[in-house]
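Enquirer: These are the residues of each chain, in order.
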Amino acid sequence: MPRPYRKSETRLRMVDVNPAESGSEPVQVFAIVDCTSFYASCERVFDPAIRDLPVVVLSNNDGCIIARSEEAKPLADMGAPYFKFKDQLERGGARVYSSNYALYGDMSRRVMSILATLASDIQVYSIDEAFLKLPRMPYDDLIDYAHHIRRHVLRWTGIPVRAGIGRTKTLAKAAQALAKRRREPLFCLTPDDETHLLGQLPVGDIWGIGRRYATLLTSHKIYTARDFRDSSDGWIRNHMNVVALRTAWELRGRNCLTGLPEAPRRSILRSRSFGQKVTALEDLEEAVALHTTRAAEELRRHGLAANLVQTFITTGSHAAKGYYSNTCMTSLPIATGYTPILIRAAHTCLHRIYRPGYRYAKAGVILHDLVPAVQANLFLETNPKQTALMGAIDRINRCLGTDSVYFAAAQHRHRPWSGRCDLRSPAYTTKWTDIPIAVAK
Amino acid sequence: MEATHRPYTRPHKPASSHTSPRPQVNFTASAIDAHEKGLSLDDLVIRHPAATFFFRAQGDAMKPAGIHSGDVLTVDRSLTPRVGDVVVASIEGELVVRYFTRVRGTYYLVSEDPAYPPFALTPDTDHTIWGVVTWSHHSYRFTEPLSIR
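Line by line, the protein sequences are chains A and B. So the first sequence is residues 1 to 441, counted in our numbering. So the second sequence is residues 1 to 149, counted in our numbering.
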């Protein structure tokens, strides 16, 4: 005869998955490993002369500052427009670079492949960050192991990395935040010191708590990560959402984020601000064709096809000669990843919204309603020749470099609007013409 | 995705004799089983892909070592330099290619050209070993790299 169910028993169900352990028992932890000032560090690997100088990297168009080395931090704000800090940077002896994504992407792949050999599982989080599941070992050994990881990556690639270790991903991220605050290369949160140290972390620094929730929490006198961790589930459910609740559980040591599949892509956007204002329809057509090409490459890379194509153009809010912004969307008879069809659709939209006489600052393309390409092929008629052609073009471009083969509509090099990148360093690791020089002397 | 070799399939013997003659390649069963992919220079030259980089040598100071100006150098960052290795190192902010050696307890970077003096690797000098040169590649025919990568 089964025991009668008692409601109070559900309260005890939340068992701490990783109960506190002493330093000598093996534990399973997560490490978040991130590269310090990644873009700047990549530049430094191949130019030792800038190792101790302030280094700054700019976005496409050399518009905004997207990376700063430690020495450059007092000279310019992150994300700020370059022209605002140009003089200050010059006076501070800073070296400025246009973003070199070919280089950064290659160096990132190297770092991630090394990290993959040092962990039982790896989840690449961004171009310069990855979660590692470290092999089971006692906390004392974990710290040594983390130092070993740092030395290994630095030796093999020249990129310095930082590590945050915790029982859950959110705790590892908290350790990373503490490491950043204290300017240390490594921080490990053990169950014994979690309470004390989470009390030193403001709620805004919790991974998953954004600015709005941070304001909400502080208005309710929840100031630190410890305060948030110790808030009741009920309160969190009522004032925030289930994601925040999971974050709280993670802070308590319960792993909630493992095993969640990556969210399927909903849409793909490609756009860029112009290097100089554009007025002619032909120039806009070229830019739109280029963005469509890039978006379609991303589409095919994920094995998807698009049903909807949207084009937008804008003069930007600071337009001197009048503001105009518009967008148009068109649906395709058959979901496709075939660039010429997508370009034609994007141009149809563009012609509907283009108005002469305005000075456009930005154009972009968004692909919506994405479905797996295989599914599209199965149920509708697609031209196998088109699929084969795009496959061949993608392979050639991967081998010989982006835009080795491109559609004439998407001509974009050496166009006045195509964006400045004069300060870009060579593609040291991806083009034979650009490999670094070692002088025999 | 790289093109994979299509597996060789044994030619099908036609049942009827009315088909036109077709050139047939007669591999024995052993040749089919022993089918391997072709030789790759990457496999020969690159031991630790994540730590392997390519440099171009400039200048003649290391010619007696077999490194001519314009040669490509395969450089492995993961190896610990040994006395006698050719290394790429940064000396006062410049990347150079020299021998790594030791004289009476002190490590030096030396070149074959006496015009360039040895550089002592001591705590007060500004230097870093970038990586160990494992191969140099000298071309007799093609002096410029392909313009398409």
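You may find that some hints are simply not true.
Calculated pairs, SDA-like style, for lysine to any residue (alpha carbon to alpha carbon, straight line, at most 25 angstroms) [unchecked claim]:
no. : chain 1 : residue 1 : chain 2 : residue 2
1   : A       : K431      : B       : P114
2   : A       : K441      : B       : L44
3   : A       : K86       : A       : I122
4   : A       : K431      : B       : L44
5   : A       : K431      : B       : P118
6   : A       : K84       : A       : L118
7   : A       : K277      : A       : N307
8   : A       : K431      : A       : R398
9   : A       : K73       : B       : P49
10  : A       : K431      : B       : G84
11  : A       : K441      : B       : L41
12  : A       : K362      : A       : L308
13  : A       : K441      : B       : D42
14  : A       : K441      : B       : I91
15  : A       : K431      : B       : R141
16  : B       : K63       : B       : A50
Source of the hints: derived by calculation from the structure; they are not laboratory data. Please read all numbers here as calculations on a predicted model, not as lab measurements.
Enquirer: Which hints from the list above does the structure break, by number from lowest to highest?
Expert: 1, 2, 3, 5, 6, 7, 9, 10, 11, 13 and 16
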